[in-house]
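Required output: the full structure, derived from the provided sequences and hints.
Protein chains: 2
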Amino acid sequence: MQRYFLTHAVAPTIGTTFTVSGPDVKHWVKVMRAQPGDQAEFVTSAQQVLVATLVSTDGQQAVAKVVAVTTPAVELPLPVTIACGLSKGDKPEQIVQRGTELGAAAFVFFDSQWAVAKWAPAKRARKLERLAKIAHGAAEQSHRTVIPTVTYQDNLAALLAHTPYDQGIVAWEESAKQGESSQLVQTLKRMTAPQRLLAVFGPEGGLTAAEVAQLTTADFVPVGLGPRIMRAETAPLYLLSNVSFWCELIAR
Amino acid sequence: MQRYFLTHAVAPTIGTTFTVSGPDVKHWVKVMRAQPGDQAEFVTSAQQVLVATLVSTDGQQAVAKVVAVTTPAVELPLPVTIACGLSKGDKPEQIVQRGTELGAAAFVFFDSQWAVAKWAPAKRARKLERLAKIAHGAAEQSHRTVIPTVTYQDNLAALLAHTPYDQGIVAWEESAKQGESSQLVQTLKRMTAPQRLLAVFGPEGGLTAAEVAQLTTADFVPVGLGPRIMRAETAPLYLLSNVSFWCELIAR
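In order, the protein sequences belong to chains A and B. Using our numbering, you'd call the opening residue of the first sequence number 1 and step up by one each time. Using our numbering, you'd call the opening residue of the second sequence number 1 and step up by one each time.
These are computed hints drawn from the structure, not numbers from a lab. Do not rely on the hints blindly, as some may be mistaken.
Lysine-lysine pairs mimicking BS3-like chemistry, simulated, CA-CA at most 30 Å apart [what the hints assert, rightly or not]:
1) Lys118/A with Lys91/B
2) Lys133/B with Lys88/A
3) Lys127/B with Lys189/A
4) Lys65/B with Lys123/B
5) Lys65/A with Lys91/A
6) Lys127/B with Lys88/A
7) Lys26/A with Lys177/B
8) Lys30/A with Lys65/B
9) Lys26/B with Lys88/A
10) Lys91/B with Lys127/A
11) Lys91/B with Lys127/B
12) Lys88/B with Lys177/B
13) Lys177/A with Lys26/B
14) Lys30/A with Lys88/B
15) Lys118/A with Lys177/A
16) Lys91/A with Lys91/B
17) Lys177/B with Lys88/A
18) Lys91/B with Lys133/A
19) Lys88/B with Lys91/A
20) Lys189/A with Lys133/B
21) Lys91/A with Lys189/B
22) Lys177/A with Lys30/B
23) Lys133/A with Lys189/B
A few chain B positions that, by computed beta-carbon distances, are all more than 12 Å from chain A [claimed, not checked]:
24) Pro12
25) Thr16
26) Ser21
27) Gln35
28) Gln61
29) Ala73
30) Lys118
31) Ala139
32) Lys177
33) Leu188
34) Ala193
35) Leu239
36) Ala251
Pulled a few chain A residues facing chain B out of the computed Cβ check, cut under 10 Å [what the hints assert, rightly or not]:
37) Thr7
38) Ala11
39) Ser142
40) Val185
The beta-carbon is built from N, C-alpha and C at its ideal position, and this holds for glycine as well.
Structure follows, in structure tokens:
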């Protein structure tokens with residue numbers, strides 16, 4: 001069933017009618033060609049999912065009526081923020097799209113010492129807007145109940161100052177090279193829901209030793225992510241898959 | 001260090017000299033601009049890694065000398081074959097590229113009942129050649145010691161008849177919808193290295209109930225891959241990440 005995120009408050013009770021407008025009505029009525037009686041899902045800001053029936057529409061707005069209310073557990077019990085050094089081309093788009101499917105709570109892109117890409121100040125807002133749109137679409141498609149946020153920070157210090165987290169990890173190639181393979185598991189073992197994990201990844205060129213030191217000083221744990229070398233946009237997906245496996249498949 | 005796969009036998013002993021030719025010499029000498037004394041890694045068919053020094057080159061061929069031999073454990077202890085229904089656009093390329101980084105041993109694309117894409121017989125060989133090239137490049141980049149194979153099968157029955165495996169699983173959306181979350185873990189618990197896992201994924205539209213029945217009759221286990229809906233090209237990456245986490249991070 002098609003899913004949309006509500007931008008205004010709707011009472012989560014059966015029989016409530018509400019108005020759908022903007023891009024969602026356009027998509028539901030024009031793209032999906034919904035007819036009166038057809039259903040879609042609408043997610044409230046409290047992560048409830050309202051199944052609603054189309055009552056009537058004039059093409060600009062639609063009236064829908066709630067017929068069922070559920071609170072599905074589709075969010076990672078340990079919310080994960082993915083922080084990535086700026087990488088080239090469409091890698092940020094790929095990280096946001098797939099990372100949203102894999103359950104990330106938030107994305108932060110930060111300028112790092114070996115970043116090969118730069119986000120000029122004039123272009124930053126537009127880039128973030130585009131990434132937010134990708135997160136929104138992927139959250140609808142993957143049936144999330146939260147749209148991940150996407151933000152930018154000027155450097156690692158700003159990232160640490162402005163990102164809330166309970167436990168930090170840094171994916172460091174040198175850890176992997178030395179055969180380190182237990183720190184990620186140990187870290188996940190120590191965490192309990194709903195503690196927040198902040199996972200920092202370098203750009204293509206990696207993080208500098210100084211940046212890694214800055215992170216370990218802030219109690220970030222350097223973790224190896226297996227023996228193969230992953231590209232900048234693949235490592236966050238590996239991590240998110242692992243957190244899901246740990247919390248959602250093993251722990252149940 | 002740059003890595004290449006040897007196409008001919010080279011004795012894995014320090015001091016052995018051998019010839020590099022074809023695309024590898026072009027890449028090493030022309031693209032990477034290797035000078036005599038520079039080093040690269042060459043992988044033998046027995047998964048040994050020879051560190052070799054460039055002795056001399058005329059641009060067409062190069063003579064290299066082995067200075068170190070290692071046998072790194074970079075392959076998944078449980079070899080995984082990823083079998084996917086034909087999906088649209090560049091999804092097969094993405095599955096092969098990222099799946100190789102994440103350790104897949106082989107890829108099989110098969111025509112399934114709800115496949116939206118078709119590989120016309122006349123184009124099949126060229127498609128497979130292109131995917132094999134992507135697997136080769138990704139294996140070099142991710143420092144694998146095996147290049148995954150890429151093959152095509154006409155349907156599910158042909159896939160089952162021609163693919164060697166010890167345990168089969170099928171990612172089935174209905175399993176996930178019913179909240180099934182333990183079968184993947186149970187299956188991995190039952191397996192011991194070097195047993196081979198064959199993981200079957202549908203195309204965008206999924207597998208039909210008849211196809212899933214065909215697989216369960218052949219003792220494939222339907223597995224849920226977490227509560228979120230993943231696109232056709234993301235689910236295999238989730239599975240491979242999980243197998244790595246299980247075998248390479250948890251088990252050590």
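These are the hints, each one checked on the structure:
no.	hint	in the structure
1	Lys118/A with Lys91/B	28 Å, holds
2	Lys133/B with Lys88/A	23 Å, holds
3	Lys127/B with Lys189/A	44 Å, violated
4	Lys65/B with Lys123/B	41 Å, violated
5	Lys65/A with Lys91/A	40 Å, violated
6	Lys127/B with Lys88/A	27 Å, holds
7	Lys26/A with Lys177/B	28 Å, holds
8	Lys30/A with Lys65/B	66 Å, violated
9	Lys26/B with Lys88/A	26 Å, holds
10	Lys91/B with Lys127/A	24 Å, holds
11	Lys91/B with Lys127/B	12 Å, holds
12	Lys88/B with Lys177/B	24 Å, holds
13	Lys177/A with Lys26/B	28 Å, holds
14	Lys30/A with Lys88/B	24 Å, holds
15	Lys118/A with Lys177/A	28 Å, holds
16	Lys91/A with Lys91/B	16 Å, holds
17	Lys177/B with Lys88/A	36 Å, violated
18	Lys91/B with Lys133/A	21 Å, holds
19	Lys88/B with Lys91/A	20 Å, holds
20	Lys189/A with Lys133/B	40 Å, violated
21	Lys91/A with Lys189/B	35 Å, violated
22	Lys177/A with Lys30/B	28 Å, holds
23	Lys133/A with Lys189/B	40 Å, violated
24	Pro12	20 Å, holds
25	Thr16	26 Å, holds
26	Ser21	26 Å, holds
27	Gln35	23 Å, holds
28	Gln61	28 Å, holds
29	Ala73	6 Å, violated
30	Lys118	24 Å, holds
31	Ala139	9 Å, violated
32	Lys177	10 Å, violated
33	Leu188	10 Å, violated
34	Ala193	14 Å, holds
35	Leu239	8 Å, violated
36	Ala251	9 Å, violated
37	Thr7	22 Å, violated
38	Ala11	25 Å, violated
39	Ser142	5 Å, holds
40	Val185	5 Å, holds
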